[in-house]
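Q: Here's the letter readout for the chains.
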Amino acid sequence: MLNSRPPLILIAADDQSMCEALQFSLQLEGLSVHTHRDGSALLEDAGLKLAACLVLDDRKPHMDAFDLLRRLRARDVGLPVILLTGHATTHLRARAATAGVRLVLEKPLLDNALVDGIRVILGSAWETAVDRQPTPGQSYPNK
Amino acid sequence: MGEMASTLAHELNQPLTAVVSYLNGSRRLLTGSDNLQTLMIRDAIERAAEQALRAGQIIRRLRQFVTRGESERHLESLTKLIEEAGALALIGIKESGVRVGFKLDPRMTFVLVDKVQIHQVLLNLIRNAIEAMQETTRRVLTIATTQRDEAIAEISVSDTGPGIAPAIAAQLFQPFVTTKPEGMGVGLSISRTIIESHGGHLWAEPNPDGGTIFRMTLRIMSTEDLIESV
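Protein chains in written order, with the numbering used here: chain A, 1 to 143; chain B, 1 to 230.
Among the hints, erroneous ones may be present.
[Stated by the list, open to error] Just the calculated beta-carbon pair ranges, DEER-fashion:
#1 G78/A <-> W203/B: 37 to 45 Å
#2 E95/B <-> L50/A: 56 to 64 Å
#3 A113/A <-> A44/B: 18 to 26 Å
#4 R127/B <-> A113/A: 29 to 37 Å
[Stated by the list, open to error] Under 8 Å between C-beta atoms, here's a sample of chain A residues computed to sit facing chain B:
#5 D15
#6 M18
#7 A21
#8 L22
#9 S25
#10 L28
#11 F66
#12 H87
#13 T90
#14 P108
#15 L110
No lab work stands behind these hints: they were computed from the structure. In this text, a Cβ means the ideal position worked out from N, Cα and C, and glycines have one as well.
Okay, chain A solo, but in the shape it has when bound (with noise of 0.2 Å):
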């Protein structure tokens, strides 16, 4: 094998109590997560080197999700995008695949879209990080 780093994702939505769920659920399926209150917290994280994907929240307080894009493209962050919104309208939908987003999902997410969404995204990265079971001891996110 030749990374055995599980892959890192960072999410930043507003309600932490979503992002801590998201955590537990990722991190179940072996990856490593990062959660942030908002966009500038998330550019501020150390991990953004080397995470694998970014997952954001469409409704932040502080800062929209489109800005964060921007101001990723324009530090040259090319990371994949997964845009999390509660309304997902043909135009929302536009503009997220102008900004290079990969996938926008519509909350409530009501099944495995997240998971599956990032596993085709990350794709043999996946594969060969994430083929150990993880134990419950270890995945269950940090309080």
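Following the hints, position chain B against chain A.
A: Chain B in isolation, oriented as in the chain A frame:
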């Protein structure tokens, strides 16, 4: 009013997403183990996930009707709507000791409504009525329809519970007002939003027999409307 429903729908997205994430994670944690207890937990998780899905569909509907103004409205028989909602709401009613009576106006009335939404409102009113009578000895639930005039149908759901305290009555339809220990206090406010979006009204008044009557109106489709819509 639509704004409130929309806000509620958006606020519910986060906790619902969290619930489903925990369910999915728990389901995953149970993979590979197949003793009886694990199977039962898995089954319970599946069922919980189905209910979360249902809640999600209600949110989507709500959001759709708020944003589009018109949700999926079709011509429906009022009698049939009430019978269907009654059948759903009255599942398991026997244990509660409530006597249920239907007094439906025999004149066939058609209304142009979103069936799922009207079911939701009726379900909510009927369940509230049943819950209101848990502590009372006389438990009579009456679901009635009358044609107020050519254009307006009135539907009422009455209970013989303790009635609504004046302090609560004034803000009964405000969101997050509830007398139930487990309640969220959004049922009636959403119900009113739904009925008003259909051009009707929803209000409560004291039941002369003791208890409360919830009344709502819906516009009746006239014969001309019916012919036009064909």
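Q: Output the numbers, in ascending order, of every earlier hint that fails for this structure.
A: 1, 11 and 13
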